[in-house]
Each structure stands twice: as structure tokens, then as C-alpha cells.
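Number of protein chains: 2
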Amino acid sequence: MKETFRRAKTKVGEKSFNKIIKAGKQLFAKSGYHSTSINDIIAKANVAVGTYYIYFNSKLALYHYLLDEYQEKIRQAARIATKDLTSRKDIERAGLKAFIMYVIKEPLAYKLIWESLFVDQKLFIDYYSTFSKSYVQNLQKYGDVREDIDLETVSYILMGIANFVGLQILFKNKANEKDVDFVVEESMKLLDKGLFK
Amino acid sequence: MKETFRRAKTKVGEKSFNKIIKAGKQLFAKSGYHSTSINDIIAKANVAVGTYYIYFNSKLALYHYLLDEYQEKIRQAARIATKDLTSRKDIERAGLKAFIMYVIKEPLAYKLIWESLFVDQKLFIDYYSTFSKSYVQNLQKYGDVREDIDLETVSYILMGIANFVGLQILFKNKANEKDVDFVVEESMKLLDKGLFK
Chain X
1 MKETFRRAKT KVGEKSFNKI IKAGKQLFAK SGYHSTSIND IIAKANVAVG TYYIYFNSKL
61 ALYHYLLDEY QEKIRQAARI ATKDLTSRKD IERAGLKAFI MYVIKEPLAY KLIWESLFVD
121 QKLFIDYYST FSKSYVQNLQ KYGDVREDID LETVSYILMG IANFVGLQIL FKNKANEKDV
181 DFVVEESMKL LDKGLFK
Chain E
1 MKETFRRAKT KVGEKSFNKI IKAGKQLFAK SGYHSTSIND IIAKANVAVG TYYIYFNSKL
61 ALYHYLLDEY QEKIRQAARI ATKDLTSRKD IERAGLKAFI MYVIKEPLAY KLIWESLFVD
121 QKLFIDYYST FSKSYVQNLQ KYGDVREDID LETVSYILMG IANFVGLQIL FKNKANEKDV
181 DFVVEESMKL LDKGLFK
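So the sequence lines, in the order shown, correspond to chains X and E. Residue numbering for the first sequence follows UniProt numbering, beginning at 1 and increasing consecutively. Residue numbering for the second sequence follows UniProt numbering, beginning at 1 and increasing consecutively.
Check before you lean on any hint, since a few could be wrong.
Note: identical chains are not told apart, hence a pair may lie in one copy or across any two.
[As the list claims (entries may be wrong)] With a Cα cut of at most 25 Å, we get these calculated BS3-like pairs of lysine-lysine: (1) Lys89 <-> Lys73; (2) Lys197 <-> Lys73; (3) Lys122 <-> Lys172; (4) Lys30 <-> Lys174; (5) Lys89 <-> Lys193; (6) Lys22 <-> Lys44; (7) Lys133 <-> Lys172; (8) Lys111 <-> Lys25; (9) Lys178 <-> Lys133; (10) Lys189 <-> Lys73; (11) Lys22 <-> Lys9; (12) Lys174 <-> Lys133; (13) Lys22 <-> Lys89; (14) Lys44 <-> Lys189; (15) Lys30 <-> Lys11; (16) Lys174 <-> Lys122; (17) Lys89 <-> Lys189; (18) Lys141 <-> Lys122; (19) Lys174 <-> Lys73; (20) Lys193 <-> Lys73; (21) Lys178 <-> Lys44; (22) Lys22 <-> Lys174; (23) Lys30 <-> Lys111; (24) Lys89 <-> Lys197; (25) Lys9 <-> Lys174; (26) Lys83 <-> Lys197.
No lab work stands behind these hints: they were computed from the structure.
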């Protein structure tokens, strides 16, 4: 079951909450979930022990919060990038670029999402299954997607491309927007003929 | 730097070596690398403490050994499945099926390879960069691959498809060869028009 969190109710509380979030991100990025303790997070955030437990019941609760936040931010980046587009092909291109630009800015997102496989395998499965289902619903809305391919498989193919072309970019030192545009256009060449009418 | 291992020189030694390998696989699968100690492995393998150090200098050395073994077994499965094939399209189809059939049999392979991101990020980068380079060399050998797409990007696209369609199958309970054939054929529909001439 998903561990919940409690939102801050005051400005001061919000400041503490954000300090905990920031410390959690930094420590999970550096040492990973298993090697980070609640005490490490409390020390790094520079808050009182009791303050942590106002917002989170456990280390797992903070991890769940961060996972949800990344998921929402990735969706939000895609929504903003694709909001005025009307063909699925244009949406895929803009969404792929937005995703890769986001992971350049927040490389911890990858680590955190994939680490769920080692924190709680169910989280990992839920994360991608949910993403797949909403992908399928979105693909169905447009007339330019081939109708003779199983859309569940297509959703995993598209997630695979985004994640691995994202890795290709992260593996380069100091990749910039031009590098991202290049791999996005190369990927779209394949999808243009392979996925779209 | 990569931690090395020492091969067993006798039949008895080989038996101990294999017991350590088996225990390492089971424990890394169950608890992950960070939560497994050398003592856990020694106890599970039922060997003397000194015996472990005949073959491996550290826990990391065993992890490296297992990572190399999976990499080699994945390549071997692909080699066997594709050995008499002459077009790259047929090779991709057979290779994709062989990869997914392998990960159904050995789901730890995924966990172990992706856990490298949390054991030593360089291992993870090396693993996929090496795979990408050999993929590019192989793609260049065949006349049926489109010439207007960057092959490095193609290599990450193909690794992404294999890994994520593999997840799609692993997420189903009790997926069988028929399920694998289905997702492979759906993936090939996209690649047929998108990647091949």
C-alpha cells in the first residue's frame, strides 16, 4: 500500500517540508534509497527529528512522494510542450523532446524511478503499467496512428525509446538542446514510417 | 576498475565456485546488492569463509562476474537464435525473441543489470555503451537497414524496445512463448516500415 504524506499548513511548515524534499533528493541521488537513513535526511535538511514525522511516516513515504512528484513533473513537461498540437506525430516529437530535456535537468528522476525495482517491485510495475494505460488512451484519440498494431505494445515501445534515447543523451558529457533535437529527429524518422499513417 | 575473479582449478573447487555463484544470484535477486553481505553469500553457499576469497576479492568482484555472465548469456542466446539468418530484419526478430525468452527464464538479469546504476554508475554506462557500439557495427553489415538514420540512435532505440517490451511481458503473470511471439511480431510491424528498406 502506498505510504501517504501530510502537506504543510503554514509558511514555516512549507519551508521545512521543502528542506526535507531537497535533502531526500540529494541523498537518494548520491547514495541510493537503501544506503540513506531517515537520520541522514534529517541532518542534511537541518530540521528537528519530530518535524520529519509531521510530514512523513517513514523513509518509504518520502520516496513515494518523490516518485509521484517526478511522474507528475514528467507529465506536466509533456503537457506544456504538446498543448497546441493536433497530430499524434507532432505530440510524440514534442513529448519525446520534453522528456529528454527534463531528464537532463533532473537526472535523479531516472535513478529514482528505476530504483523502485529495488525498493518495492510493485511500485516499479505500477509506475510503468499506469503510464502504459494512459499512453494507450491517448494514442486512441488521434487519427494518424496505424490501426494494425497493438497499442499496448506500442506504448512500451515508445516508453523504451524515450528512456533509452534519454540514456544515450545522459551518457554524453554536457549534452545540449541541439544534441536532443538530433536524437529526437532520428527517432521520429523511424516512427514516421513505422507508427504513423 | 573492474574487480577480477579466479577460476576454479579442480572439480571440487568448481563445485564451490558454482555454489557461490548460485547463492549470489539468489540473494542479489531477493535483497539486492546493497542489502546482501559477503557473509550472507558464504552462509547461503555453505562454503568456508576462506573459500570465497579463493575466487573473489570482494562482493563487487562477484557482482562483476554475474554481470559479465548475463551479458555473455544474452549475447549467446541471440547468436544461437540468429546464426543462419541473412537479413538484418530476420536477425532483429529472432534476437528480440531470444532476449525476451531469456529474461522470462532469468528475470534477475534485468535487476542485476539495472542495479549497476546503484552499485557503480560507470558499470551501467559501460554496459550499454559497449552494447550500443557492437550493435552499430552489426547493423552496418547488412544491406536492408535504412541508410538515412543515425545508427547510434537506432542502437538505443532497439535496446529500448527490447528492454521495455521485455518488461511488458514480465509484468504479465505466467507469460508464455505465444505472448512473446505476439509482442515480437507487433514490434516488427513498426520496425519493418520504420527501420528496414
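Taking the hints in turn, this is what the structure says about them:
1. Taking the shortest Cα distances, lysine 89 and lysine 73 sit within 25 Å of each other inside one copy (22 Å), while across copies they are farther apart (37 Å).
2. Proximity of lysine 197 to lysine 73 under the C-alpha cut-off of 25 Å is found in neither arrangement, the shortest distances being 30 Å within a copy and 38 Å between copies.
3. When the C-alpha separation of lysine 122 and lysine 172 is checked against a cutoff of 25 Å, the pair qualifies only between copies, where the shortest distance is 13 Å, while the shortest distance within a copy is 31 Å.
4. Proximity of lysine 30 to lysine 174 under the C-alpha cut-off of 25 Å is restricted to the intra-copy arrangement: shortest distance 19 Å within a copy versus 36 Å between copies.
5. Taking the shortest alpha-carbon separations for lysine 89 and lysine 193, both the intra-copy value of 11 Å and the inter-copy value of 16 Å come in at or below 25 Å.
6. When the C-alpha separation of lysine 22 and lysine 44 is checked against a cutoff of 25 Å, the pair qualifies only within one copy, where the shortest distance is 9 Å, while the shortest distance between copies is 39 Å.
7. With identical chains, the CA atoms of lysine 133 and lysine 172 are at most 25 Å apart between copies only, with a shortest distance of 14 Å across copies and 32 Å within one.
8. Taking the closest pair of Cα atoms, lysine 111 and lysine 25 come within 25 Å of each other both inside a single copy (10 Å) and across two copies (22 Å).
9. Proximity of lysine 178 to lysine 133 under the C-alpha cut-off of 25 Å is restricted to the inter-copy arrangement: shortest distance 22 Å between copies versus 31 Å within a copy.
10. Taking the shortest alpha-carbon separations for lysine 189 and lysine 73, neither the intra-copy value of 27 Å nor the inter-copy value of 32 Å comes in at or below 25 Å.
11. In this homomeric assembly, lysine 22 and lysine 9 come within 25 Å of each other (Cα to Cα) only inside a single copy, at 18 Å, whereas the closest approach across copies is 52 Å.
12. For the homomeric pair lysine 174 and lysine 133, the shortest alpha-carbon distance between copies (20 Å) is at most 25 Å, but the shortest distance inside one copy (34 Å) is not.
13. Proximity of lysine 22 to lysine 89 under the C-alpha cut-off of 25 Å is found in neither arrangement, the shortest distances being 36 Å within a copy and 47 Å between copies.
14. For a Cα distance limit of 25 Å, the shortest separation of lysine 44 from lysine 189 qualifies neither inside one copy, at 46 Å, nor across copies, at 51 Å.
15. For the identical chains of this complex, lysine 30 and lysine 11 are neighbours neither inside a copy (29 Å) nor across copies (43 Å), given an alpha-carbon limit of 25 Å.
16. In this assembly of identical chains, lysine 174 and lysine 122 lie within 25 Å of each other by CA distance solely across copies; the values are 16 Å between and 34 Å within a copy.
17. When the C-alpha separation of lysine 89 and lysine 189 is checked against a cutoff of 25 Å, the pair qualifies both within a copy, at 11 Å, and between copies, at 17 Å.
18. Proximity of lysine 141 to lysine 122 under the C-alpha cut-off of 25 Å is found in neither arrangement, the shortest distances being 29 Å within a copy and 41 Å between copies.
19. Proximity of lysine 174 to lysine 73 under the C-alpha cut-off of 25 Å is restricted to the intra-copy arrangement: shortest distance 22 Å within a copy versus 34 Å between copies.
20. Proximity of lysine 193 to lysine 73 under the C-alpha cut-off of 25 Å is found in neither arrangement, the shortest distances being 30 Å within a copy and 33 Å between copies.
21. Neither within a single protomer nor between protomers do lysine 178 and lysine 44 lie at most 25 Å apart by alpha-carbon distance, with minima of 36 Å and 51 Å respectively.
22. Taking CA atoms no more than 25 Å apart as the test, lysine 22 paired with lysine 174 passes inside one copy only; the shortest distance there is 23 Å, against 40 Å between copies.
23. For a Cα distance limit of 25 Å, the shortest separation of lysine 30 from lysine 111 qualifies both inside one copy, at 10 Å, and across copies, at 20 Å.
24. Both within a single protomer and between protomers do lysine 89 and lysine 197 lie at most 25 Å apart by alpha-carbon distance, with minima of 9 Å and 21 Å respectively.
25. When the C-alpha separation of lysine 9 and lysine 174 is checked against a cutoff of 25 Å, the pair qualifies neither within a copy, at 40 Å, nor between copies, at 47 Å.
26. Taking CA atoms no more than 25 Å apart as the test, lysine 83 paired with lysine 197 passes inside one copy only; the shortest distance there is 22 Å, against 34 Å between copies.
Hint compliance for this structure: hints 2, 10, 13, 14, 15, 18, 20, 21 and 25 are broken, all remaining hints hold.
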